[in-house]
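Q: Work the whole structure out from these sequences, hints included.
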Amino acid sequence: MLVFVGVLVLWEIVVSVFGIQQFLLPRPSAIAAAFAERFDELITVGRNTLVEAVGGLLIGGVAALAFAFATARWATASRALLPIAIAANSVPIIAFAPIMNNWFGILNPLSKMMVVAVLVFFPIMINTLRGLTLVDQTSLELMRSYAASERAVFAKVRVPNALPYIFTAVKVSATLSLIGAIVAEYFGGAQSVLGQFIITEAAFFRFANAWAAIVVASAVSVAFFLIILAIERVAIPWHASARTRDAS
Amino acid sequence: MTGAVVRMRAVQKVFGGGADQTHALDAIDLEIPKGAFVSLIGPSGCGKSTLLRLIGDLTQATGGTIEVNGKSAHRARLDRDYGIVFQSPVLFDWRTVERNVELPLEMSAIDRRARAERARAMLALVELSGSEKRYPWQLSGGMQQRVAIARALSFEPALLLMDEPFGALDEMTRERLNLELLGIWRKTGTTIVFVTHSIPEAVFLSTRVVVMSARPGRIIDVIEVDLPQPRNDLTREDERYFAFVTRVRERLRGGDSAQVAAKTRAAAM
Chain A
3 MLVFVGVLVL
13 WEIVVSVFGI
23 QQFLLPRPSA
33 IAAAFAERFD
43 ELITVGRNTL
53 VEAVGGLLIG
63 GVAALAFAFA
73 TARWATASRA
83 LLPIAIAANS
93 VPIIAFAPIM
103 NNWFGILNPL
113 SKMMVVAVLV
123 FFPIMINTLR
133 GLTLVDQTSL
143 ELMRSYAASE
153 RAVFAKVRVP
163 NALPYIFTAV
173 KVSATLSLIG
183 AIVAEYFGGA
193 QSVLGQFIIT
203 EAAFFRFANA
213 WAAIVVASAV
223 SVAFFLIILA
233 IERVAIPWHA
243 SARTRDAS
Chain B
861 MTGAVVRMRA
871 VQKVFGGGAD
881 QTHALDAIDL
891 EIPKGAFVSL
901 IGPSGCGKST
911 LLRLIGDLTQ
921 ATGGTIEVNG
931 KSAHRARLDR
941 DYGIVFQSPV
951 LFDWRTVERN
961 VELPLEMSAI
971 DRRARAERAR
981 AMLALVELSG
991 SEKRYPWQLS
1001 GGMQQRVAIA
1011 RALSFEPALL
1021 LMDEPFGALD
1031 EMTRERLNLE
1041 LLGIWRKTGT
1051 TIVFVTHSIP
1061 EAVFLSTRVV
1071 VMSARPGRII
1081 DVIEVDLPQP
1091 RNDLTREDER
1101 YFAFVTRVRE
1111 RLRGGDSAQV
1121 AAKTRAAAM
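Residue numbers (my numbering), protein chains in the order written: chain A, 3 to 250; chain B, 861 to 1129.
FYI, nobody ran anything at the bench for these hints, they're computed from the structure.
Keep in mind that a hint or two might mislead.
Simulated DEER-style distance windows between Cβ atoms [said to hold, decoys possible]:
{"#": "1", "chain 1": "A", "residue 1": "Arg49", "chain 2": "B", "residue 2": "Gly1027", "range": "54 to 60 Å"}
{"#": "2", "chain 1": "A", "residue 1": "Glu152", "chain 2": "B", "residue 2": "Gln1089", "range": "42 to 48 Å"}
{"#": "3", "chain 1": "B", "residue 1": "Ala969", "chain 2": "A", "residue 2": "Ser220", "range": "47 to 53 Å"}
This structure is a prediction, so every number in the text was calculated from the model and none was measured.
Every residue, glycine too, gets a C-beta built ideally from N, C-alpha and C.
A: Quick look at the structure:
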């Protein structure tokens, strides 16, 4: 926190002392003023973009989980689907944004959600698949000694083993989803979203406003990440990241 | 029925095929009577763990017959006739100690209350009462292995297979767990097959020590250890105990030197 305040103060001083032009880098105080002035609008655009990001994360996440489960469950599916998925991952997904606008309607938030969905699909899918398949071999032998069905092995070993992997991927994807949503918005669409707000304000040289929007974007992104972190703590309290050794 | 829990006839296990094939086990004839405590001992690579896995139907023999509880090893596994303990405890991090012990009971669709009761009883047996709600990572290595034993015995199998269960533990813990294991064996009457590479451990625990040689894994000798029961710390200081340790050691060395001789002959040819 102290470091953060220090950076802001230094920023303020450097900008005034060296007489840096406002359109290059506005002073923090100017950004704060812009934030206060356009507060209601910033909250609205922030919320609209967050809805796109969350929606996209849900669509992409559910699809990725389904894909990973099917792949882990049926070896034939794995052989057929995995190479396609890996090839698809090397496609620069953001290039699809205009196509998505075309498919789902440029004003429809779904077009932005789909960009986000495609963006988060691969990290979530591959991590889930890793968690489902990278299971300790002795655990599998143990289950075999109980004559456990494939279904029981899945429910009692593979899925719990995958949960930490899934949460790691979703945390990364939370940040990614906001980036995806904002960049997709740059390609046009409804006006009251972060991406369009930044473009418009920058076009009219109101850079302090654009910076205020960036602050909102960052805050939304961090908040999103923290919410998922909190869910993780509750969902998998046994995991190493949340462990507290008892006193005894 | 002669009361043998395990009966192996001319069992053979070959890994791989063609030029790369290795004879892990060859000409294994072994009978393990009900209630016995049998140790399998031999140099690393002698196939003692493979032999244990064959009994548990975790791997299949390439020749010969294996009977467990009077049926095929495969049938016995499906009937959950044995419990198994590995060198690592293989406890699930996401389950509390008691839920780990309950795991095999869940497979048999035993209701929740009976499961909890059984888990408590088993944890009492391995002297871990009070640790029910803790997680595996909150326990020491020795305690974790005791949980694994409780889990293996929770459904009262006729046979307990143990694959170097105390191999990763320090000497003090190992000796204490040896004593506890003997106590459990006496209380439950379970037949135990125990893989180890420690001669003193094998002699101290067993009613019978199976000495094996390496590549191909063969049984060189079966030594009846008729030290008095119940065994305790004094057993370890008994002269006859030392005599047995020496005998097993000599048999193991004999197996090795015979092999060295065979290799020398092969090299000379």
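Q: Now tell me if each hint is right for this structure.
A: For each hint, the structure was consulted:
Evaluation of the 54 to 60 Å hint for Arg49(A) and Gly1027(B) yields a pass: the beta carbon distance comes to about 59 Å. Separation of Glu152(A) from Gln1089(B) is about 43 Å and conforms to the stated range, judged on CB atoms against 42 to 48 Å. The given range of 47 to 53 Å is respected by Ala969(B) and Ser220(A), whose C-beta atoms sit roughly 52 Å from each other.
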